[in-house]
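Enquirer: Spelled out, the chains give:
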Amino acid sequence: MKHLYTWSAIALIVLASTAGDVLLSRAMKQIGDVGELRRRSGLLTVVGNILRHPSFLLGVLAMTVAFYSLLFALSWGDVSLVAPASASLTFVATAVAAQIFLHEHVDHRRWLAAVLVAAGVLLLAA
Amino acid sequence: MTFRKYLVLAGVTIFAAMGDSLLAYGMRQVGSLSWHHLPEVILAVFNPWVAVGILLLLGFFASYMAALSWADLTYVLPATSLGYVLLALIAKFWLHEIVSPTRWLGIVLISAGVGFVTQGPALTHRPSALVAEECLPAVASTRAEP
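Chains as they are written, first to last, in this note's numbering: chain B, 13 to 138; chain V, 495 to 640.
It cannot be assumed that every hint is accurate.
[Unchecked claim] Calculated cross-link-like contacts (lysine to aspartate or glutamate; reagent style EDC-like; alpha-carbon spacing at most 20 angstroms):
1. K14/B to E534/V
2. K499/V to E48/B
3. K586/V to D45/B
4. K499/V to D45/B
5. K14/B to D119/B
[As the list claims (entries may be wrong)] Okay, the calculated bits of chain V under chain B, using three or more residues with CB under 8 angstroms as the criterion:
6. 555 to 562
7. 598 to 611
It is worth saying that the hints were derived from the structure and are not from the lab. Even for Gly, the Cβ is constructed at its ideal location relative to N, Cα and C.
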């Protein structure tokens with residue numbers, strides 16, 4: 013039973029953090045290079061722009077869901093299972109989602125990177 | 495990619511690794527959470543280790559947002575995955591855990607992934623398409639300038 017709880021929490025972490033990453037990335041791309049913006053209009057304006065962006069707020073909400081799912085998962089399962097399993101699944105899920113929702117060009121090199129990192133993270137847990 | 499940008503990526507990597515390890519350490523002290531004691535879930539953030547972990551993760555978040563403003567998500571995520579290697583090295587040299595050959599292989603794979611992705615371009619997608627969808631004139635003008 014505890015096993016089922018752990019894996020459900022892991023699934024929720026992967027879903028929520030993928031959604032969160034995509035939303036945050038979308039928000040920051042629309043806001044633009046924060047280094048340049050800061051030089052032009054000051055740090056406070058940049059922070060204000062970020063905090064008022066709808067995609068950013070939704071992204072933070074998704075990340076909060078992911079964070080509390082992680083706390084639950086860590087309290088039920090071993091950190092050596094939960095952290096790598098959710099991280100490596102998130103790498104692959106994000107590569108798919110970034111291609112679909114952010115129109116990023118995920119070429120062979122990036123797919124290979126995502127898969128290598130995901131496999132490496134799994135091996136770290138073994 | 496400038497030196498400053500690589501520094502931001504290093505910040506993402508280091509803050510995430512240290513924040514996560516402190517969080518895990520703290521949650522082990524807090525113990526098993528359960529649905530019947532929901533207040534405990536909220537109180538968990540007052541454990542000092544969890545609190546410092548959260549502070550570090552805030553630092554991670556700030557540098558992560560900065561990185562996402564000038565690089566693709568599918569670039570930033572693999573490029574900062576060296577944090578897992580960092581965690582394994584902390585385990586070996588600081589906590590004196592034994593790092594098995596399988597784990598070393600994992601470290602090699604992650605490093606290879608990082609090498610692959612950082613040799614490519616940091617930004618590939620078309621921000622103009624995204625901006626047009628949202629009809630944000632102020633953002634569109636700042637975007638078009640560089």
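Enquirer: Would you mind confirming whether the straight-line C-alpha gap from K14/B to E534/V stays at or under 20 angstroms?
Expert: Given pair K14/B, E534/V holds - Cα atoms ~19 angstroms apart, limit 20 angstroms.
Enquirer: Examine the segment 598 to 611 of chain V for residues whose CB is less than 8 angstroms from any CB of chain B, and state whether their number is three or more.
Expert: Check passed, 12 qualifying residues.
Enquirer: Taken at face value, is the distance from the CA of D45/B to the CA of K499/V at most 20 angstroms?
Expert: 11 angstroms, holds
Enquirer: Does K586/V pair with D45/B here, judged by a C-alpha cut-off of 20 angstroms?
Expert: 38 angstroms, violated
Enquirer: If you draw a straight line from the CA of K14/B to the CA of D119/B, is it 20 angstroms or shorter?
Expert: 39 angstroms, violated
Enquirer: If you draw a straight line from the CA of K499/V to the CA of E48/B, is it 20 angstroms or shorter?
Expert: 12 angstroms, holds
Enquirer: Examine the segment 555 to 562 of chain V: at least three residues should have C-beta closer than 8 angstroms to a C-beta of chain B.
Expert: holds (count 4)
Against the hints set out earlier in the document, violations occur for numbers 3 and 5.
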